[in-house]
Amino acid sequence: MDQKQEKQDNGARAWWVNCAAAHDGSYREDKELAEIDAMEDAIGRLDEQATAIRRLITRFEACYHEADKEAERIAEAIGAGRCPPESNERPPERRRQLENCHRILSRWCEDPDVRGMDLDVGGAPADELVGFIGRPSPLKTWQVQRIIDRVGEDLDPGRSYHRMELDVDGYGERAAQPAGEHYKDNAEFLKQTRGTIIRYTEDGREAEISLAMAVDLLMPCHWDFVGYLVIILKAVGGDLHPAAPLAYCAVNVRLSPLCPRLRTISNTLRSFWKGESGQDTDSGILACLGVPNPVKRWLAASLDKTIRLQLDS
Numbered sequence: 172m173d174q175k176q177e178k179q180d181n182g183a184r185a186w187w188v189n190c191a192a193a194h195d196g197s198y199r200e201d202k203e204l205a206e207i208d209a210m211e212d213a214i215g216r217l218d219e220q221a222t223a224i225r226r227l228i229t230r231f232e233a234c235y236h237e238a239d240k241e242a243e244r245i246a247e248a249i250g251a252g253r254c255p256p257e258s259n260e261r262p263p264e265r266r267r268q269l270e271n272c273h274r275i276l277s278r279w280c281e282d283p284d285v286r287g288m289d290l291d292v293g294g295a296p297a298d299e300l301v302g303f304i305g306r307p308s309p310l311k312t313w314q315v316q317r318i319i320d321r322v323g324e325d326l327d328p329g330r331s332y333h334r335m336e337l338d339v340d341g342y343g344e345r346a347a348q349p350a351g352e353h354y355k356d357n358a359e360f361l362k363q364t365r366g367t368i369i370r371y372t373e374d375g376r377e378a379e380i381s382l383a384m385a386v387d388l389l390m391p392c393h394w395d396f397v398g399y400l401v402i403i404l405k406a407v408g409g410d411l412h413p414a415a416p417l418a419y420c421a422v423n424v425r426l427s428p429l430c431p432r433l434r435t436i437s438n439t440l441r442s443f444w445k446g447e448s449g450q451d452t453d454s455g456i457l458a459c460l461g462v463p464n465p466v467k468r469w470l471a472a473s474l475d476k477t478i479r480l481q482l483d484s
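Residue numbers for the sequence shown follow the working numbering, beginning at 172 and rising by one.
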């Protein structure tokens with residue numbers, strides 16, 4: 172992809188697809204975005220490695236549970252001028268959490284009276300988790316099975332989770348099958364799950380989400396997977412007003428404990444691409460970025476801006 176790359180409807184370059192400014196119309200009003208795009212144009216045709224690194228930036232999500240490590244990895248790639256080897260393996264601790272979640276909820280479905288499981292999900296004991304569900308019912312069992320399916324899909328790509336309300340797939344594309352179509356034989360359970368509304372706050376404003384959508388959006392890579400799981404299980408049990416903040420995808424991302432580190436990384440990248448000294452920077456990252464050149468400056472600016480747009484959206 173070069174500077175003639177495909178544009179989105181509002182004029183944003185496809186590189187910025189993971190940034191809210193590329194969708195809400197503010198792209199045209201952001202002078203810094205225009206400056207960064209002009210840096211790309213001045214480079215001319217991008218080589219294979221520069222294109223690959225920019226794609227890593229386009230895939231970056233601040234809500235990822237290892238977003239700080241990912242940002243550091245991309246900064247190292249910018250400095251080295253090449254992409255590092257990639258692994259499809261989920262980090263061991265998160266995989267253990269997913270496996271335990273699947274085991275705990277599967278055992279509850281088999282025997283709702285089960286207790287004493289020597290398992291936890293990110294420090295939340297099994298007995299506490301199943302306790303949130305309350306007294307069993309056919310509806311609750313069906314809803315918990317959907318959570319099991321959602322987690323199971325991420326443990327085994329061969330399994331499929333069928334969305335209840337979200338009409339896009341895992342890549343944000345329109346799903347091949349309408350949401351809920353798979354559950355025609357359980358239409359009443361689906362209706363009740365869609366009608367179960369969780370009320371929470373987002374940046375101090377009242378908001379709501381259906382239990383069906385909440386399960387659809389249970390992301391195994393999210394920084395608050397455990398907290399979000401607890402809120403969903405409590406909603407199955409009838410508690411629809413969570414005391415804890417509800418964080419999913421980019422919603423309430425400012426609550427992530429990784430934000431301060433991401434700010435430091437962003438400050439460091441900005442210091443590098445602007446050629447100015449800045450506060451709260453990381454000397455190690457500056458060292459790995461090496462000597463500035465047009466491609467490095469453009470990539471560093473792109474990652475810096477991506478982080479800031481995601482944290483400030």
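Check the hints yourself; a few may be wrong.
[Stated by the list, open to error] Derived DEER-like restraints, expressed as beta-carbon distance ranges:
1. R376 with S454: 56 to 66 Å
2. C459 with G305: 50 to 60 Å
3. K445 with R226: 15 to 25 Å
4. V462 with E352: 48 to 58 Å
FYI, nobody ran anything at the bench for these hints, they're computed from the structure.
Beta carbons are placed, not taken as given, at the ideal position from N, Cα and C, and that holds for glycine.
Hints, one by one, checked against the model:
1. R376 with S454: 56 to 66 Å: violated, 39 Å
2. C459 with G305: 50 to 60 Å: holds, 51 Å
3. K445 with R226: 15 to 25 Å: For K445 and R226 the Cβ distance comes to about 24 Å; the hint holds.
4. V462 with E352: 48 to 58 Å: Once the Cβ atoms are compared, 55 Å apart, the range 48 to 58 Å for E352 and V462 holds.
Consistency note: the structure conflicts with earlier hint 1 alone.
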